[in-house]
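A.B. asks: Take a look at the letters that make up each chain.
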Amino acid sequence: MGMTMSQKILARKAGLAHVAKGQLIEVPLDGVLGNDVTTPPAVAEFKKHGFTKVFDKDRVFITLDHFTPNKDIQAATQCKACREFAGEQAITHFYDIGEVGIEHALLPEKGLVIPGDVVIGADSHTCTYGALGAFSTGVGSTDMAAGMASGKAWFKVPEAIQFRLTGKLNKWVSGKDVILHIIGMIGVDGALYKSMEFTGEGVASLAMDDRFTIANMAIEAGGKNGIFPVDEQTIAYVDGRTSREYSVFEADSDAEYEAVYEIDLSAIQPTVAFPSLPENTRTPGQWGEVKVDQVIIGSCTNGRISDLAVAAEIMEGKKVAKGLRCIVIPATQAVYMEALQKGYLETFIKAGAAVSTPTCGPCLGGHMGILAEGETAVSTTNRNFVGRMGHTKSGVYLASPAVAAASAIAGKLATPDQV
Amino acid sequence: MKAEGKVFRFGDNIDTDVIIPARYLTTFDPEQLRVHCMEDIDPTFIQRVSGGDIIVAGKNFGCGSSREHAPIAIKAAGVSCVIAESFARIFYRNSINIGMAIVESKEASEKIREGDRVSVDFDTGLITNHTKGESYQSVPFPAFIQDIIRGGGLMASISEKGVRA
Numbered sequence: 001m002g003m004t005m006s007q008k009i010l011a012r013k014a015g016l017a018h019v020a021k022g023q024l025i026e027v028p029l030d031g032v033l034g035n036d037v038t039t040p041p042a043v044a045e046f047k048k049h050g051f052t053k054v055f056d057k058d059r060v061f062i063t064l065d066h067f068t069p070n071k072d073i074q075a076a077t078q079c080k081a082c083r084e085f086a087g088e089q090a091i092t093h094f095y096d097i098g099e100v101g102i103e104h105a106l107l108p109e110k111g112l113v114i115p116g117d118v119v120i121g122a123d124s125h126t127c128t129y130g131a132l133g134a135f136s137t138g139v140g141s142t143d144m145a146a147g148m149a150s151g152k153a154w155f156k157v158p159e160a161i162q163f164r165l166t167g168k169l170n171k172w173v174s175g176k177d178v179i180l181h182i183i184g185m186i187g188v189d190g191a192l193y194k195s196m197e198f199t200g201e202g203v204a205s206l207a208m209d210d211r212f213t214i215a216n217m218a219i220e221a222g223g224k225n226g227i228f229p230v231d232e233q234t235i236a237y238v239d240g241r242t243s244r245e246y247s248v249f250e251a252d253s254d255a256e257y258e259a260v261y262e263i264d265l266s267a268i269q270p271t272v273a274f275p276s277l278p279e280n281t282r283t284p285g286q287w288g289e290v291k292v293d294q295v296i297i298g299s300c301t302n303g304r305i306s307d308l309a310v311a312a313e314i315m316e317g318k319k320v321a322k323g324l325r326c327i328v329i330p331a332t333q334a335v336y337m338e339a340l341q342k343g344y345l346e347t348f349i350k351a352g353a354a355v356s357t358p359t360c361g362p363c364l365g366g367h368m369g370i371l372a373e374g375e376t377a378v379s380t381t382n383r384n385f386v387g388r389m390g391h392t393k394s395g396v397y398l399a400s401p402a403v404a405a406a407s408a409i410a411g412k413l414a415t416p417d418q419v
Numbered sequence: 001m002k003a004e005g006k007v008f009r010f011g012d013n014i015d016t017d018v019i020i021p022a023r024y025l026t027t028f029d030p031e032q033l034r035v036h037c038m039e040d041i042d043p044t045f046i047q048r049v050s051g052g053d054i055i056v057a058g059k060n061f062g063c064g065s066s067r068e069h070a071p072i073a074i075k076a077a078g079v080s081c082v083i084a085e086s087f088a089r090i091f092y093r094n095s096i097n098i099g100m101a102i103v104e105s106k107e108a109s110e111k112i113r114e115g116d117r118v119s120v121d122f123d124t125g126l127i128t129n130h131t132k133g134e135s136y137q138s139v140p141f142p143a144f145i146q147d148i149i150r151g152g153g154l155m156a157s158i159s160e161k162g163v164r165a
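Protein chains in written order, with this note's numbering: chain A, 1 to 419; chain B, 1 to 165.
Listed below are the simulated BS3-like cross-link pairs for lysine-lysine, each with C-alpha atoms no more than 27 Å apart in a straight line:
hint : chain 1 : residue 1 : chain 2 : residue 2
1    : B       : Lys-106   : A       : Lys-156
2    : A       : Lys-393   : A       : Lys-322
3    : A       : Lys-47    : A       : Lys-80
4    : A       : Lys-21    : B       : Lys-106
5    : A       : Lys-47    : A       : Lys-152
6    : A       : Lys-412   : A       : Lys-393
7    : A       : Lys-156   : B       : Lys-2
Quick caveat, the hints were computed from the structure, so don't treat them as lab data.
With the hints as extra help, turn the sequences into a complete structure.
C.D. replies: Written as structure tokens, this is what we have:
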């Protein structure tokens with residue numbers, strides 16, 4: 001029986017001619033990632049079990065992006081522990097304040113993950129790199145420790161759900177709307193333990209940033225990984241960022257899928273996930289009046305240059321609604337610099353928005369924009385569970401950068417054509 | 001390997017943000033984390049739970065973040081086992097890796113009530129509800145996973161095999 005794209009990557013890496021769903025395999029890793037929250041427990045486990053040297057100092061990636069710049073003394077202590085470990089191990093790809101970006105925007109930018117790679121990360125949104133035709137998945141700190149020690153991870157081979165994309169997105173509609181639509185359709189456990197494989201002629205119409213956004217939220221449907229085929233856009237993105245040779249895998253034509261969904265991109269509307277589950281999606285006709293206190297434009301989901309470009313286009317010459325706090329967070333220093341040079345940051349500041357250094361910050365209720373009781377936020381982030389961004393009685397509406405920017409101007413949930 | 005205790009019931013989609021809110025992730029010390037376990041959904045949980053007690057939940061328990069702090073907080077709170085209709089995949093993996101027992105059983109999830117006295121035999125997968133006089137059969141862990149748990153978690157099992165970087 002044929003293999004899915006994810007199965008093919010796993011089989012090749014594991015040195016097997018074939019793998020079947022449910023099979024337990026051990027796979028050598030091309031990358032092991034951790035951040036300032038998940039690396040300290042991993043380091044503690046690593047040392048507790050007597051390991052002294054990571055398997056490959058070039059293949060362990062540590063990014064200080066969650067509670068940084070140091071949000072308090074405990075966060076500072078965790079960052080210090082990461083810094084010391086990185087120094088002791090001579091970790092090549094250690095990113096600290098001034099260089100660091102949000103991990104899942106930074107690693108592709110730096111060419112650290114390429115097609116055909118198998119990568120684990122101690123962060124649930126590690127699935128983002130599937131946009132590059134890699135198999136990448138989120139794990140906990142113990143798996144990170146084991147990966148650092150052995151350079152391997154065990155996996156149960158997943159079966160896959162196929163999403164066949166056709167058509168192309170309408171103006172103001174983006175990858176975020178596509179993935180929210182899908183999660184709304186299949187539910188937060190609709191892809192539990194499965195690969196979400198995005199295929200079809202519609203893929204070509206999606207820019208890399210849209211693919212990163214879609215793959216990023218595979219975990220919000222419970223997916224093990226999300227993955228796109230490798231095409232000219234992928235190769236154009238990767239070329240020049242890496243000196244490693246990449247491998248292109250394609251699903252077999254007789255691969256079996258647990259389910260196949262047809263997604264017409266041209267039928268996708270702006271989609272927002274209402275509190276408090278990412279599957280609680282509604283399109284504009286169902287929104288009603290939603291007064292908004294805060295807008296966040298950023299995160300590993302939507303903090304890339306094209307996200308900021310869309311927001312700047314909508315906010316150009318306009319003002320953030322009175323009483324509304326708009327916070328823009330470019331995902332990396334390169335994005336920040338490009339946004340600066342293209343005048344986007346000037347647009348945001350003149351509109352009355354705040355612009356922050358790269359950080360995960362408010363996405364997980366860390367810092368840089370926490371919500372008080374009764375407040376609502378429209379956010380380009382990826383989760384809106386109870387208490388996610390602050391008080392348990394605050395609400396987070398997940399949206400695209402276009403809807404977030406329009407809402408910032410309108411003072412309420414809005415689409416760009418309404419402002 | 002067995003667990004026995006009184007049951008605390010939760011519903012579907014209990015996510016990692018309610019199990020241990022992100023504002024507490026500036027530590028991974030189990031003693032500091034346990035105090036905040038389930039705080040945003042039930043602030044009285046940590047006062048009422050005693051060693052050996054069992055959480056029973058619906059679908060997709062542990063969804064959301066990969067934070068290992070979530071099963072660490074639950075284990076440190078004294079919970080001996082989590083029974084759920086289904087688990088989110090990263091939470092499931094993390095629980096095994098730190099040696100916190102978990103069992104999947106739709107029937108147990110549907111029939112067990114808050115306060116029931118329940119025991120679990122991990123070798124056979126049999127769940128016994130002593131309060132209602134019922135039992136439910138779950139599928140025991142595959143051998144590979146039993147080895148990891150028996151070995152004291154993932155790190156112990158790989159250092160046993162003498163892996164050197």
